[in-house]
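Colleague: Line by line, the protein sequences are chains B and P. Here the first sequence is numbered in this note's numbering, starting from 1 and rising by one per residue. Here the second sequence is numbered in this note's numbering, starting from 1001 and rising by one per residue.
It is possible that part of the hints are untrue.
A short, non-exhaustive set of chain P residues, derived as facing chain B with CB atoms under 7 Å [what the hints assert, rightly or not]:
1. Tyr1053
2. Asn1057
3. Phe1081
4. Ser1252
5. Gly1254
6. Pro1257
7. Thr1259
8. Ser1282
9. Leu1284
10. Ser1287
11. Gln1363
12. Pro1399
13. Pro1401
For lysine-lysine, the following DSSO-like pairs were computed, each having C-alpha atoms within a straight-line distance of at most 27 Å [to be verified]:
14. P:Lys1280 - B:Lys219
15. B:Lys189 - P:Lys1006
16. B:Lys166 - P:Lys1367
17. P:Lys1006 - P:Lys1406
18. B:Lys219 - P:Lys1174
19. P:Lys1367 - B:Lys207
20. P:Lys1406 - B:Lys219
21. B:Lys189 - P:Lys1367
22. B:Lys166 - P:Lys1360
23. B:Lys189 - P:Lys1224
24. B:Lys53 - B:Lys207
25. P:Lys1360 - B:Lys207
26. P:Lys1406 - P:Lys1174
Bear in mind the hints are in silico, worked out from the structure with no lab data behind them. Ideal placement from N, C-alpha and C gives every residue a C-beta, glycine not left out.
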Amino acid sequence: MSKIWFDVTSILQWNRPAVGVIRVEAECAKYALDQLGSGVEFCRFDRHAGYIKVPASDVRQTIDRIGHAHQTPVVSPAMDGTLARPALPLIIRLAIVVKRGLSKLPRGIGESIFRSLSLRREAAEAGINGLREFRRAFGALRRPVGRTAPLLARLTPDMANAPFSKGDVYISLGLDWDQKNLVYIAEQKELLGFRAIFCCYDVIPVKYPHLCVGDVAAKFAHYFADLAWCADEFVSISECSKRDLLALLNELGTPVPETTVIKLGSHLPASNDSDVSHHTKEAVGDRFILFVSTIERRKNHETLYRAYTRLVDKGVKNLPKLVFVGMPGWGVNDFLADLRFDGRVKNRVEMLTNVSDADLTWLYKNALFTVFPSLYEGWGLAVAESLSAGKFCLASNVASIPEAGGDLVEYLDPWDVEKWAERLEWYFNNPKALSEAEKRIGKEYNAPRWENTAGTVFGRAEALLGIGTANPVGD
Amino acid sequence: MSTSPKGTVLILSTYPLVAPKHGGEVRLLNIKRVYENAGWSVVPLAVYPEEAYPKWNTGPRDVGFPADSSYRLFNGQNLPFVTDIASGAFASSEDGALPQILANIPDRIDVIHVEQPWLWPLAKALRESPKYSSSFLVYGSQNIEAPLKRGIFNDWNIVECEDAIEAVDQLERKAAGEADLTVAVTQEEVDVLTSWGVKNVKLLPNGIEPWQADEDAIAEWRQKLPKHPWLLYVASAHPPNFTGFAQVFGESLGCFPPTSRLVIAGSVTEHIYQVMSNTKWSTLNLSRLQLLFTLSDRDLAAVKSLAHGFILPIPFGGGSNIKTAEALYSGAYVVGTPSAFRGFESFVELPEVIVGANAKEFQRAVKDVLARPRAVPLQAGSQQSELRQSLRWDVCLAPLPAMVDKLKREKVRSE
Chain B
1 MSKIWFDVTS ILQWNRPAVG VIRVEAECAK YALDQLGSGV EFCRFDRHAG YIKVPASDVR
61 QTIDRIGHAH QTPVVSPAMD GTLARPALPL IIRLAIVVKR GLSKLPRGIG ESIFRSLSLR
121 REAAEAGING LREFRRAFGA LRRPVGRTAP LLARLTPDMA NAPFSKGDVY ISLGLDWDQK
181 NLVYIAEQKE LLGFRAIFCC YDVIPVKYPH LCVGDVAAKF AHYFADLAWC ADEFVSISEC
241 SKRDLLALLN ELGTPVPETT VIKLGSHLPA SNDSDVSHHT KEAVGDRFIL FVSTIERRKN
301 HETLYRAYTR LVDKGVKNLP KLVFVGMPGW GVNDFLADLR FDGRVKNRVE MLTNVSDADL
361 TWLYKNALFT VFPSLYEGWG LAVAESLSAG KFCLASNVAS IPEAGGDLVE YLDPWDVEKW
421 AERLEWYFNN PKALSEAEKR IGKEYNAPRW ENTAGTVFGR AEALLGIGTA NPVGD
Chain P
1001 MSTSPKGTVL ILSTYPLVAP KHGGEVRLLN IKRVYENAGW SVVPLAVYPE EAYPKWNTGP
1061 RDVGFPADSS YRLFNGQNLP FVTDIASGAF ASSEDGALPQ ILANIPDRID VIHVEQPWLW
1121 PLAKALRESP KYSSSFLVYG SQNIEAPLKR GIFNDWNIVE CEDAIEAVDQ LERKAAGEAD
1181 LTVAVTQEEV DVLTSWGVKN VKLLPNGIEP WQADEDAIAE WRQKLPKHPW LLYVASAHPP
1241 NFTGFAQVFG ESLGCFPPTS RLVIAGSVTE HIYQVMSNTK WSTLNLSRLQ LLFTLSDRDL
1301 AAVKSLAHGF ILPIPFGGGS NIKTAEALYS GAYVVGTPSA FRGFESFVEL PEVIVGANAK
1361 EFQRAVKDVL ARPRAVPLQA GSQQSELRQS LRWDVCLAPL PAMVDKLKRE KVRSE
């Protein structure tokens, strides 16, 4: 009898707080264990050995490990699929290492050296860039683009055949662009006759490469083209992402598999006030607005910063704190410097990183409202989470964000700083409007649940198997 | 020299015939053969750009056109892609190659066959000599060159080119108008020449040399080429073979599965690599290419025999492509642009032939063909098989000697 195989490669390899993609894989694996039992087998992909069966007990342990990670994601930002969370910029990691080293010296000396080094940050950044260029030059020297360059994607000769059988359905929702060999999957599909479902979180690296790290458009177009040849079906996390994906595949001339939209779970975990850190409460104060997202160019923290400085310049008093929850990512060094040195936002902008689930829930519940001026999204989980917490959100009107917020959110052009300043001030001065918006959210918003997400995914797999019981939980 | 009862044909070209590679060279070699097979003695003479051919690939009468010759300039300008235009003046001038040419050709020449218009001034200069004044002039038009030249100039963003295009136009009109016989490759070309008032124009389409692959070579290449169905593009470095290549595919080779490849052979290879490296989806596109560069005849025959199908991504260009004839002769699938089938319109209805009129259709046709089982070889003697036999050079060019004989007879009668 044909089976469903669920790929758990990404969660098995993950050893940090879960990010969006990891959360999707973990929640679907959990659903498979709890709801589908032995009807689903688990597997992982190894670059040298191919697919390896994974015992259900290992999957359970992994889900527990991820679920109990001390610090949760900086919540979502990113279902967006720019996929793996960007690591901290090298300059910051370097600063952390230096600071750690200097902490072994007497405090005064250590601080003095660190201050002196900080003044030479530009030299360090230039040095790092120089080394990167040197590494690129050396790499290009060692691997000239020649006759053999286009013969890419050779397979490791000792890769075994996958444990799948004809008619089986394989599901992969993880970090496939980094972890899979799609040529191998295409060959195995042809050889073994199984079918496959993959997930498209978004096509931002292709559509807006300037909002991602490095020149990624060509690489990700290659990835999506190969994926389209491997997929019998796609799931995507919004209608917008689906539209983008289909338009891209159409342009690339690949097959265009059937694509089903899944809604990602966004209900917040219940939290106990006593679990919330004192530091968080103290940092944000009594009156604050909240922006949950990694700090990177695409998320457009800049618009909020500029809107706030306009309000300050205009003489608006008693501004609530603007709280950013999320790790600094790439391309924001100048922006972070602005925050550091611009006196107008001193004590008005707070950055929090590595907040716990309990802290995050508390922040959502206690914010005046939330803001989300992102330039592009595959979904917009922070908007959905805001609504789950019963909070109004002032959000960007682009891409999938209106799908996440429906008509419970107010939308603005993400580049219209003037408008953002105007609407922020209006809501600061109209608590009654916020209160009415919250009442309406409480009445009308049904937070999507992860069980529904997973139910839709496995429903598609069962339909491909021919079982036809595609009926997500709760639907 | 002339020991042949029929007489001597002097063939003039801008490329030597010792090791023919590109389509024009192959056509001319076969023209030489049909003359010879019909009993003519043939003397080939090329005035070739000396930097383009090594000495060992040239014939005893061939004359190099030095790279530093003042004749290389066009109206005193150093313009690219005009060496062919300039070669006529060089070859027909007393301070150019004419003395050397006159010293090396036979005393009696019955027919001067000029392939492409470039050396027409030489043919005229020879006929002005009393020795050769009674020879016939045959003009082998391979293309309507002026629009083709304009396309090349445009592709390379060369703007100061109008005078050169005008010169080409005048030259080919002159050649066609003054020749005793003009032969063309496609009906389209015949129509243009006729519209110029040219009287004696005959259609002699391009053909192919049947190939027989060596079993050992097939076994070797089977190891090197993809196990899954793949398509082949064989072409020379002639600009129309690559300048529109990316556009034909909509700049994406995503229509090839990751297990397949578009295999490129011939001197066009490095140009295709350059073109596809500069596309928006370069990583994807390069991943779908397998580059073989120029192959020996043995290797090329093996590769052609193993191909699941051929592509003919020719968005423009006159003449008729020999690669089209080869692809059609192979019996494998053929996916091509409408321009690629110019001169082969009767083959378009064959079941293994698909025409892609735009990028989407082209991509769809590639996917379609790659998903089909390998084309079944045609039964010998079937109508379609007979149609394919008509693609052979010896069949395509067979009427040429008879046409020249007829000219000769008519001349005798008129005397």
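Colleague: If a hint holds in the structure, say so; if it does not, say that too.
Modeller: So, going through the hints one by one against the coordinates:
Taking 7 Å as the C-beta cut-off, the interface hint given for Tyr1053 (chain P) is violated, the closest approach to chain B being about 24 Å. The interface hint given for Asn1057 (chain P) is violated, since its Cβ lies 23 Å from the closest Cβ of chain B, which is over the 7 Å cut-off. Hint status for Phe1081 (chain P): violated, given a least beta-carbon distance of 27 Å to chain B, over 7 Å. Hint status for Ser1252 (chain P): holds, given a least beta-carbon distance of 5 Å to chain B, under 7 Å.
Nearest Cβ of chain B to the Cβ of Gly1254 (chain P): about 3 Å, under the 7 Å cut. The hint holds. The closest approach between the C-beta of Pro1257 (chain P) and any C-beta of chain B is roughly 5 Å, which is under the 7 Å cut-off, so the hint is satisfied. Below 7 Å, beta-carbon pairs count as interface contacts, and Thr1259 (chain P) has one with chain B at about 5 Å; its hint therefore holds. This hint holds: Ser1282 (chain P) has a C-beta 5 Å from the nearest C-beta of chain B, less than the 7 Å allowed.
The criterion of a C-beta within 7 Å of any C-beta in chain B is met by Leu1284 (chain P), whose closest approach is roughly 4 Å, and the hint holds. Interface restraint check for Ser1287 (chain P): the shortest CB-CB distance to chain B comes to about 4 Å, inside 7 Å, so the restraint holds. This hint holds: Gln1363 (chain P) has a C-beta 3 Å from the nearest C-beta of chain B, less than the 7 Å allowed. Proximity of Pro1399 (chain P) to chain B is violated relative to the hint, the smallest CB-CB distance being about 43 Å (cut-off 7 Å).
Restraint check, Pro1401 (chain P) versus chain B: the minimum CB separation of about 44 Å is more than 7 Å; hint violated. Only pairs whose Cα atoms come within 27 Å are accepted, and Lys1280 (chain P) paired with Lys219 (chain B) is accepted, the gap being roughly 10 Å. Taken as a hint, the Lys189 (chain B) and Lys1006 (chain P) pair is broken in the structure, with Cα atoms around 66 Å apart against an allowance of 27 Å. Simply put, Lys166 (chain B) and Lys1367 (chain P) have alpha-carbon atoms about 23 Å apart, close enough for the 27 Å limit, and the pair holds.
Proximity of Lys1006 (chain P) to Lys1406 (chain P) is assessed by CA-CA distance (about 12 Å); at most 27 Å being required, the pair is judged to hold. For the hint pairing Lys219 (chain B) with Lys1174 (chain P), the CA-to-CA distance comes to about 53 Å; that exceeds 27 Å, so the pair is violated. The suggested pairing of Lys1367 (chain P) with Lys207 (chain B) holds, with an alpha-carbon distance near 25 Å, which does not exceed 27 Å. Proposed proximity of Lys1406 (chain P) and Lys219 (chain B) is contradicted: the alpha carbons are some 64 Å apart, above 27 Å.
The straight-line distance between the Cα atoms of Lys189 (chain B) and Lys1367 (chain P) is roughly 17 Å, inside the 27 Å bound, and the hint therefore holds. For the hint linking Lys166 (chain B) to Lys1360 (chain P), the alpha-carbon distance of about 32 Å lies beyond 27 Å, and the restraint is violated. For the hint linking Lys189 (chain B) to Lys1224 (chain P), the alpha-carbon distance of about 22 Å falls within 27 Å, and the restraint holds. As the CA atoms of Lys53 (chain B) and Lys207 (chain B) are separated by approximately 36 Å, the hinted pair breaks the 27 Å bound.
With a CA separation close to 20 Å, the supplied pair Lys1360 (chain P) and Lys207 (chain B) stays within the 27 Å bound. Under the criterion of a C-alpha separation no larger than 27 Å, the hint pairing Lys1406 (chain P) with Lys1174 (chain P) is consistent with the structure, at around 23 Å.
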